[in-house]
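Peer 1: Each chain is listed here by its residues.
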Amino acid sequence: MIEIKHLMKSYEKVQALNDVSFTVKKGSFFALLGPNGAGKTTCIEILSTLKRPSSGMVTIDGNLLGKRDQAIREKLGVVFQESVLDKMLTVRENLLLRGRLYKHSHDTILKKIDRLKSFIDIESFLDQRIETLSGGQRRRADLARALLNDPEILLLDEPTTGLDPQARENLWHLILKLKESTHMTIILTTHYMEEVNLADHVIILDQGMIKAEGSAEALRKNHAGYVLKFVPNDKNIVKTLKANNFTLRKHYNTYQILLKDGYEGLEILKQYRTSLGDFEILKGTMDDVFLNITGRNLRD
Amino acid sequence: MIDMRALIKRHIKCYLRDRWAVFFSFLSVFIILMLFVFFLGSYFEDISQQAGIDEKLAAYIVYGWIFSGLLMVSSVTIPLGFLERMVEDQTTRAMHDFQITPLKRYKIVFSYLAAAVIITLFMNTLNLTIGLGILYLNSGEVVPLFNLIQVIIIMALIATMFSGFFFFLLSFFKSQNAHGTFATLIGTLIGFLGGLYVPIGALSQTIQNIINALPFMQAAALLRQAYMAEALDMAFGTNQAARDSYTSFYGVEITLFNQTLSSHVLWLILISLTILILTASIWRMRHLKIA
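If you're matching them up, the sequences are chains A and B in order.
So the first sequence is numbered by our numbering: it starts at 1 and just counts up by one.
So the second sequence is numbered by our numbering: it starts at 1001 and just counts up by one.
Isolated chain A (complex conformation) (with noise of 0.2 Å):
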C-alpha cells in the first residue's frame, strides 16, 4: 500500500503539489488525471525517490520515503515520460546494463529478457538500437526495461504521449494485460481522459491540488452526468434556455446543456422539440468532469 500523506513541493516561486494526500491500495490501477504543470510528474518523481518533497510523507509498503529509499527502489519499475534509455546502444544491450544495476547476474538478466520478449514483444527488434526505433517500439522497450527487476509497484509518467493511435492501443492493451496478469499496483499519469476510464480509483490534480477523486464512473456520476447536445433550428432558443436557468456551453455550431440526469434531457426536449435541430443525450465524459471541476478544458 502507498500512502501519502500531506505532501506538498515547491521550486523556488512555484507550488508544484500543495497538500496532496492519497492512498493506493495494493493490487489496484490508479490514475492521475492533470493538464500539463498539474503536479504529475512531480507526483512520480517523488514517488520514484528522484524528489524529495518538500514537506509531507509517503510510506510504501510501510517503507518511509527519505529513510529507506534503497527497499522502495528494489520494488519499483518507471516508464518515464520520455524514453531513458541509450539511443546508441541495442534494446538487448540496455536491458542487460539495466539489470546489473539490480545485481542480478548475467544468466537471470537473460532469462528475464526472454520471458519479457514474448509477453511484450519485442523480439523482432531486441537487437536494434533504440536510435532506430519507432515511438511504439521504444515504449514498448521502455516498459520491458521497467519490468525488468519484476516490481510490485510500476509508474507510468504518461506513457502513451507523443504515440500515433495504433501505438497507443498497443500500448495500452499492454498495460490491460499487465494489469489482469499480475497483482502488480499500477500508477497512471496522464491527461487522456479516455484513458483513466479502466483504472480502479483516479485522482483529479490541477495546479497542485487535488479537485476530485474516486473510481471513472463515480466521478462521471457525480461531476458530468448526462449532456444535451443539439445545433439550434431558432436562434432565440439559446436565450430562452438561458432564461429558464439552463447552463449552456457552446462547441462550433452545436450547443450543449448540462443535464441532472437523462430524464431532463427528454423533458427539455418535449417542450423546445422543434426549435431543436440535430440532437442527442450523452452521458458525460471525464472531459466533461474535468471541466465542471475545474472550469477549464484538459488541454488548455
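Honestly, the hints are just simulated from the structure, not real lab data.
Here the structure is a predicted model, which is why all the values come from computation and not from measurement.
No residue lacks a Cβ here, since even glycine has one placed at the ideal position from N, Cα and C.
Watch out, some of these pointers could steer you wrong.
Claimed, not checked - Rough simulated footprint, nothing fancy, chain B against chain A, three-plus residues with beta-carbon under 8 Å: (1) 68 to 74; (2) 77 to 87; (3) 100 to 112.
Once you've looked at the hints, dock chain B against the given chain A.
Peer 2: Same frame as chain A, now just chain B:
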C-alpha cells in the same frame, strides 16, 4: 561492484559508439599534428640542424617533443569530451533511470569519473604507441624502457588529475551547450597552454609565468623530460649550457619567477593537485543531493 562495473562499461560503450564525440575529443590533437606535418615540424627540424645535430637525432628530439606534448593535450581533451556523457545524462534525465535502481548514488557519480580515467588511459596508450611508431620510423630510435615506464606513470597521474578536474567542474554544468562552448575554448587554448603552438621561450616573461603556473604546462614538461631524456643526452652530451638553453626555450624545463622547477617539484605539484582535485570531487559526489 558488479553494478558499478556495468555502469562504467555502459559509459565507455556509449562514448565509443558516438564517433563524433570521439573525433572531437581528438580534434586538438589532429590540429596540432597537421600543423607540425605541414609547417611547424620542418621549422623545428631546421632549428635543430642549425644547432649542429644530425637529421635522425633532430627527428628524435622534434618528434619526442611533439608526441610528449600531444600526450598532455589528449589527457585534457579526452576526459573533457568523454564527460559530455555525464552532462548529457543529467540534462536528458537519463541519469534518473540509474537513480531509481538500488545502486547507491555515489557509485553512479563515481562511475563517470572512473570511466573518464579508464578511457583516457586507453586512448592515450594508443596515442603513445602510434607516436612511438612514428618516432621510430623517422629517427630509428626507441625510447628506453625506464623512460617509457615513467611516461606511462605520468600519463596515469595526469589522466586522473584532469578527469577529476573536469568531473568536478562539469558537475556544475546544466546544459550541453555550456559544455560544448567550454570544450571548444579549452581545445583552442590547450595548444598554447602546453607550449605547442608557440614554444614557451618565445613568449614574454609575464605570459611564461602565467602558463608555467598552470598544470597543463607542468604536465607537458614532466612528460617531455621523461620522453626526451635520452634524445637530449645524445644531442647535447655534456654541453649543459646548450641543453639548458634548448630545454627552457621548448618548455622541457620550466621556470616560474626565475626559479627552475625541478622534476621532483613538478611531481610534487601534480601529485598534490591530483589529491586536492580528487578530494574536491569526492566532496562534490557527496553533495550531489537529490532536489
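Peer 1: Hint compliance check: list the failing hint numbers for this structure, sorted ascending.
Peer 2: Every hint satisfied by this model.
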